[in-house]
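Asker: Residue numbers (this note's numbering), protein chains in the order written: chain A, 1 to 331; chain B, 1 to 331; chain C, 1 to 326; chain D, 1 to 326.
By construction, these hints were calculated from the structure, which means they are not laboratory data. It is possible that some hints are incorrect.
Unchecked claim - Listed next, with one range per pair, are the computed distances between beta-carbon atoms:
1. D:Ser106 - B:Lys254: 56 to 66 angstroms
2. D:Ala317 - A:Lys253: 29 to 39 angstroms
3. D:Gly278 - A:Ala35: 50 to 60 angstroms
4. A:Glu52 - D:Arg274: 46 to 56 angstroms
5. B:Thr224 - A:Asp23: 31 to 41 angstroms
No experiment lies behind these values; they were computed from the predicted model shown. C-beta atoms are modelled at their ideal positions from N, C-alpha and C, and glycine is treated no differently.
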Amino acid sequence: MSDRTLTYGQAFSEAIRLEMEADPNVFIAGEDVGAHGGVFHTFDGVQSEFGERRAVDTPISEQAIIGLGVGAAVTGLRPIVDLMFMDFSLVAADQIVNQAAKLKYMFGGEAKLPMVITTHGGAGLSAAAQHSQSLEALFCHIPGLQVVFPSNAYDVKGLMASAILEDNPVLFVLHKRMLGLKGPVPEGRYTVPLGQAMVTREGSDVTVVSWGRTHNEALAAAETLAGEGVQVEVIDLRTLSPLDTATVVASVKKTNRVVVAHEAVRFGGFGAEVAAQIQEEAFDYLDAPVGRVGAPFSPVPFTPALENLYVPDAARIAESVRAALARPLLG
Amino acid sequence: MSDRTLTYGQAFSEAIRLEMEADPNVFIAGEDVGAHGGVFHTFDGVQSEFGERRAVDTPISEQAIIGLGVGAAVTGLRPIVDLMFMDFSLVAADQIVNQAAKLKYMFGGEAKLPMVITTHGGAGLSAAAQHSQSLEALFCHIPGLQVVFPSNAYDVKGLMASAILEDNPVLFVLHKRMLGLKGPVPEGRYTVPLGQAMVTREGSDVTVVSWGRTHNEALAAAETLAGEGVQVEVIDLRTLSPLDTATVVASVKKTNRVVVAHEAVRFGGFGAEVAAQIQEEAFDYLDAPVGRVGAPFSPVPFTPALENLYVPDAARIAESVRAALARPLLG
Amino acid sequence: MELTPAQQLAMHKSMVRIRLFEEAAGKLMETGQMPGFLHLYVGQEAVAVGVCEALRVDDYITSTHRGHGHLVAKGGDLAKMMAELMGKATGYCGGKGGSMHINDLSLGMLGANGIVGAGVPIAVGAGFRNKYLGSDQVAVAFFGDASTNIGAFHEAANMACALHLPVVFVCEHNMYGEYTPTEKAMAIADVVDRAAGYGMPGVIVDGMDVLAVHEATLEAVARARRGEGPALVEAKTYRFYNHHGIQTLGVKYRPDAEVIAWKERDPIFTFEDRLVEGGVASRDQIEEQWAQVRADIAAAIEFAENSPYPEPSALLAGVYTAGGAK
Amino acid sequence: MELTPAQQLAMHKSMVRIRLFEEAAGKLMETGQMPGFLHLYVGQEAVAVGVCEALRVDDYITSTHRGHGHLVAKGGDLAKMMAELMGKATGYCGGKGGSMHINDLSLGMLGANGIVGAGVPIAVGAGFRNKYLGSDQVAVAFFGDASTNIGAFHEAANMACALHLPVVFVCEHNMYGEYTPTEKAMAIADVVDRAAGYGMPGVIVDGMDVLAVHEATLEAVARARRGEGPALVEAKTYRFYNHHGIQTLGVKYRPDAEVIAWKERDPIFTFEDRLVEGGVASRDQIEEQWAQVRADIAAAIEFAENSPYPEPSALLAGVYTAGGAK
Ligand SMILES: Cc1ncc(C[n+]2csc(CCOP(=O)(O)OP(=O)(O)O)c2C)c(N)n1
Ligand SMILES: Cc1ncc(C[n+]2csc(CCOP(=O)(O)OP(=O)(O)O)c2C)c(N)n1
Ligand SMILES: [Mg+2]
Ligand SMILES: [Mg+2]
C-alpha cells in the first residue's frame, strides 16, 4: 500500500483524470461538473486540466444527460455522465433502465455501450427524503447494468478506473457522507476489478456482508464484538451487480452465521437478494437465519434526531450479529 | 361465488365504474383512457358513462400524469391515473417515488394522498424489452406506496375497489396477458382487502408463493405435481406491499418446503424479499432452502422462440418444487 | 386596480418577513444550529410577495428548493417554519421535511420540493381539481429559470394548456441554476419564449419591483379564474446569497460587480423609497414594520429553540394514512 | 441544389420499398406470421425518404416505435428487417428486438424505440459525439407530433441548442398520438412553435411531398454541418393505417373522410405524377421500380421464412459485452 493518502472524493476525480489522460474518448458531462467541479467537488480539477470540451456543464436535464451518454457511447465515445444525487436517478430512470441497460441486448448484441453513470447516494447530511436515498436495489434488478458502491478511497479509484474501461453501462455510487474519508491511494493508474468482493476482516464466528458506508459500520461493529470475544469476518461487496456470491458463500460455509447490512430500506433491499442466495447455496451450513440490517420502512427523515435513528449503524449491526449468535444449534 | 363471469379486464373497469358512481371525486386520467377506453380496453365504458370531465385523455406525458394525480389527490380528489405499460413507470419514476410515495411523510403526516396508479405489466405478447417488464420489485422497495398485482377477475374487482377507497397511493398492476381471462365476479360493489394473501389451493407437502400470471402457472404446476403424488399448497399474495408474511409463514411451518415464483427477473426480484423473510421467520421449519423461480438475467426478448423460454411457467415451477422435495432431511 | 396603502404596507411587511427570516436562518446555519441545506430566497422577495398578494388563501401554490419565501408570502407561520428548519417536532412537518419540504396545506401551499421542476405537475393537479370542482380557485407553480430545462416542467406546462386549466406559471429568472449561468444552459434569454410553444400568453416583468410583479400576476390570475386557461409570468430577479448558504461576494461563478449592481436594486429598499416618495408611508412607519418583524423573528427563533425534537416513535409515523374512504 | 433524375428515381424507389415492405409485413401480421405490435409507416414515406436523402451513410438517425420507414430510407436490408420482424435469428437483432428495436449501427441507424421520445436524447448524444470529434457528421432525431409532449423531447431539444450540437429534429406531424387527436393533446397547431423556445429555427413542410421535405432538410443539415447548431423540421403527414395494425377506415377516432382525403395526397403517387409530368421518368420506368421492389420484398420474405429461430442459447447472450478497453 502507498503511504500517500487521498480522500474518497479525491480518489474519484484522480481516477477520472488518469483515464481521461489515457483515452481521449473519455469525457464527463453533468450539472455543474465542469467549472464548479461538481456540487460535492468530486470532479475538481477535471475541467481545468481538460477544458470545456471534455468536462461539460449541462442544463438541468437528467433524462437528456443519460441520453447524451447513451448516444455518445453507442457511437464510440466513453462518457462519464453524472446525476449529482442518487435520488435524481428516478428522473432519468427510463434512459438508464429502458435505454442504456437494454440497448445492447435489444440490438441483438452488436452494440457496445461503454458508459459510467456516477452519482452520490446515502443519508447523513440532513438532506431529507429526496436527497438521501440509497436506491441501489432498483438498479441491481436490471439486466444490462452493473452497480458499484465502494467503501474506501483505494477502491473508489480502482473501481472507477475499471468502470471507465468497462464496455457496459456501470452505475457508480459514491456515498456523500464518505467523501472526506482519507485512505492510502497509489499515484498511478490501477484497477480494482468489478464483480469481486473483498474480505476486509477475517473472522471465524460470523460473517457480515455489507457495502458502502455501512461496510465501515460493519468494521466498527466487528471491533466492538471482538471485545466481546466474537471474531467477525467482514465482507465488502464493492460491486453489487454482478454479485460475487462465491466469496460470500465461502465465508458463510466457514462461519455458519451471517448478517447482511446496508443503508437502504430493508424491505425489498438488495440485502434480500444476498440473503436469498446465501440460504440457497449454503443452506446446510447455516446455524441461524441470515440476518438483515437495513433502514426502516419510511422515507429518510430530515431532522438529525430521527435521521440518526434511521440510518443503520455499528450498534444495530452488532445487535443483529448477537442475535445470530444467540441462536442455539438445533438437531 | 356468483355465476356471472367477467374477464380480468372487465372486472377492472367495473370496479372503476362502480366506485365512480359512489364517489363523485373519483376520476380517471391517462393516455387514451377516455374515448378509446384504454389501449387494452380496460377502461371501456367509463367515458361513455361519466363523460369527458371524469374520464380524461391526457397528452403523452407520464410525469405530468402522475403529477396531476398527486396534485389532485392532495387537494381532495381521488384520482386513478394510468401509465398504460408498466415499463413507462420508469418515465414517471420521480413523481411516483419521490413525490407520491413520500409526500405525506415529508409533510409531517398531515397530507392525504388517495390515488391509484394503474398499469399493465408482464410479458407474453412479443412486445419486447420495453413493453413486457414486471417491475414490481422496484416499487415494493419504496415506503409510502402499496403494490397490488391480482391473478383473477374476482380479485381484480375487489382489490381495485379497495385501492380506490384507500387513502394512500397504490400501484395497481394488471397483467396484460390475463386481460381476457374469465372468472366469476359478483355484480355489486365489494372489496378484497389490501395486504391479505390467499391460500388458493391447500396442500401439505410444499408451498408455492406467487402472484399475478405466475400464480396461475403455480396452480397448473400443483395440478401436475398432484399427479405425481405431491400435495402443493399455493398462495396468491395479491398485494405485494404490504406483504402478508403471516399467511406465508403459517403455510411454510406446515409444509416445511417452499418455492417463491414470479415472472420478474429473479435477481433482485421481490421473491428475494419473500424468501429472506421466510428463512428469517421459519428457519427451524425449513427442510430445504427457499426455492426461487423468476426470469433469467436478461431483458425480455422479442421473438416468441426466446420469450417462451424466458417467462417462468408451470414446468419451471414444478421443477423447482421437485428440487425442494428431493432435498434429503438432515440432522 | 389600485392598491390601498394598507395593502402596500402589507406587501412591504411580507417582504421584510422573508428577508429577516432568511437572514436569521442563514445565521443559525452558520453557527451550526440549523441542519441540512438552506437555499435562501433573499433578493427575490418581490416575486413571492407580488404573486401571493394576487392570490386568495384558498388558491394553491407549489414551490421549489428555494421555498421559504413562497410560504411566508402565502401567510406561513414563522415560528412553525423556524422550528421545521431546526428539525423540531413543532415544525410544519414535525421535523421530518425540513427546508426543502416545508408546506402548509391549510394555506394551499403544497410544498417546497427537492426535485427541480417536480412541483410544476403537482400545481397542474391542483389546477385540475379546481376546474373539476367548478371552483374559481387557481394554482400557481413557482419555478426557477434553470428548472425550465427539465422534462417535468414541459409536460406540466403542456398539459395545463391542453386541458385548459387555471394554472399560472411563475418563473423566477435569477440568471443561474446552482453555479451554471443560465445562458450556458439554454440558448434563449427569456423563458417567456417558451410560452408560445404551449399556446399560452407570457409576460416578462421586473422581479425586483413588487408592484409590477403583482400587476402582471393579477392579470394572469384573473384570466385563469375566468376559465381562460394558463399563463406564464417571468420575473427577472436575483438571489443575493449563494445557491445555498450565505456567501454573497467572492464566489467563483458570479462576478462581484454583478451582485453589487443587483443589490442596488434591492426589492425592499427600492419599494420603501417609492412608498415614501408616493406619500404612502413614512420612514417611521417603515422602520416600525421592520421592528415588528424583528420581534416576530426573535419570537419564532425562541419558539423553535425551545421546542423539542421529535420522539423516536415519530420515525415510522405518517408513512401511511390509516383508514380510507371505506 | 437540383436533384438529378437518378436521385429522384432512387427516392421514389425508397418510398416504394417502405410502402411494400410495410404492406407485406401487415399482411404477415394479419395471417399470424408476425408476432408483436406493428406500427406501419405507410403514408409517411416522403418524410423518411426526403430526410434520409439529405444525409450521408455516416450520419446518425434515431427513430421511434414507427421505425421501419426510417431504416429502409437509411438503406436498411429488407431481408434482415423482415427476418427481425418475424423473430428470426438472421434478423437485425437476432430476433431479440423486433419491430420496435430494429437498428443498423453500420448505417448510423441507432434504433427504433419503444419509449415515446426516448430516441431524441440519444440523437443528441450522437450529435455530441460528432462535435466532440470535430466531425461534420450530423444526427437526426425522428419523432411524432404527440411525442413532443414528453419531457425527454424537451430536455433533448434544449440540450442540443445549449451545447450547439449538429442535430436536426424531424417531427412527423400525423395529427394523432395513438387514438388521441393531437389537437386535444396540445393547445398549438404546429410543433414548430416550440422551436423558438429552444432558440433554434424551425420550418413547416408538406410531409406528403418528398422534394419539399428533402429541400427543407438539406438546409437544416447543411447548417448543422457548418457548426451552426440545431434546427427543427416539421413535416405534416398522415398515417394511412391504424396506430398499429392494418385497419384503415372505420376506426372510431378518425373520420373516414379524413383518411380518404389524405390518401388522395399519397406521397408516392403524387410524386410519380410529378416525375412523369416533369419528364424525369416514364410510367414504365416507374412500374419497373415497383416490380423490382416487389421482387426484393418477395426475396426478403423468403429469406425470413426460411431462416431459423434463435437457439435457446441465444437467450442470455448479448446482455453484456465481454471485455472492455483494458
Ligand atoms: C432533478 C434535479 N436535478 C438537479 C437538482 C439539483 N439542483 C437543486 S437547485 C438546482 C438549480 C435550480 O436552478 P433554478 O431552477 O434556476 O432555481 P434557483 O436555484 O436559481 O432558484 C439544481 C440543479 C435537483 N434538486 N433536482
Ligand atoms: C413513454 C411512452 N408513453 C406512451 C407510449 C405508448 N405510445 C406508443 S406510440 C404512442 C403515440 C405516439 O404518437 P406520435 O409521437 O404522434 O407518433 P405516431 O404514432 O403518430 O407516429 C404512444 C402514446 C410509449 N410507447 N411510451
Ligand atoms: Mg435560477
Ligand atoms: Mg402522431
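Asker: Compare the structure with each hint and give your call.
Answerer: For each hint, the structure was consulted:
{"no.": "1", "hint": "D:Ser106 - B:Lys254: 56 to 66 angstroms", "result": "60 angstroms, holds"}
{"no.": "2", "hint": "D:Ala317 - A:Lys253: 29 to 39 angstroms", "result": "32 angstroms, holds"}
{"no.": "3", "hint": "D:Gly278 - A:Ala35: 50 to 60 angstroms", "result": "56 angstroms, holds"}
{"no.": "4", "hint": "A:Glu52 - D:Arg274: 46 to 56 angstroms", "result": "48 angstroms, holds"}
{"no.": "5", "hint": "B:Thr224 - A:Asp23: 31 to 41 angstroms", "result": "55 angstroms, violated"}
In this structure, only the earlier hint numbered 5 is contradicted, and the remaining ones agree with it.
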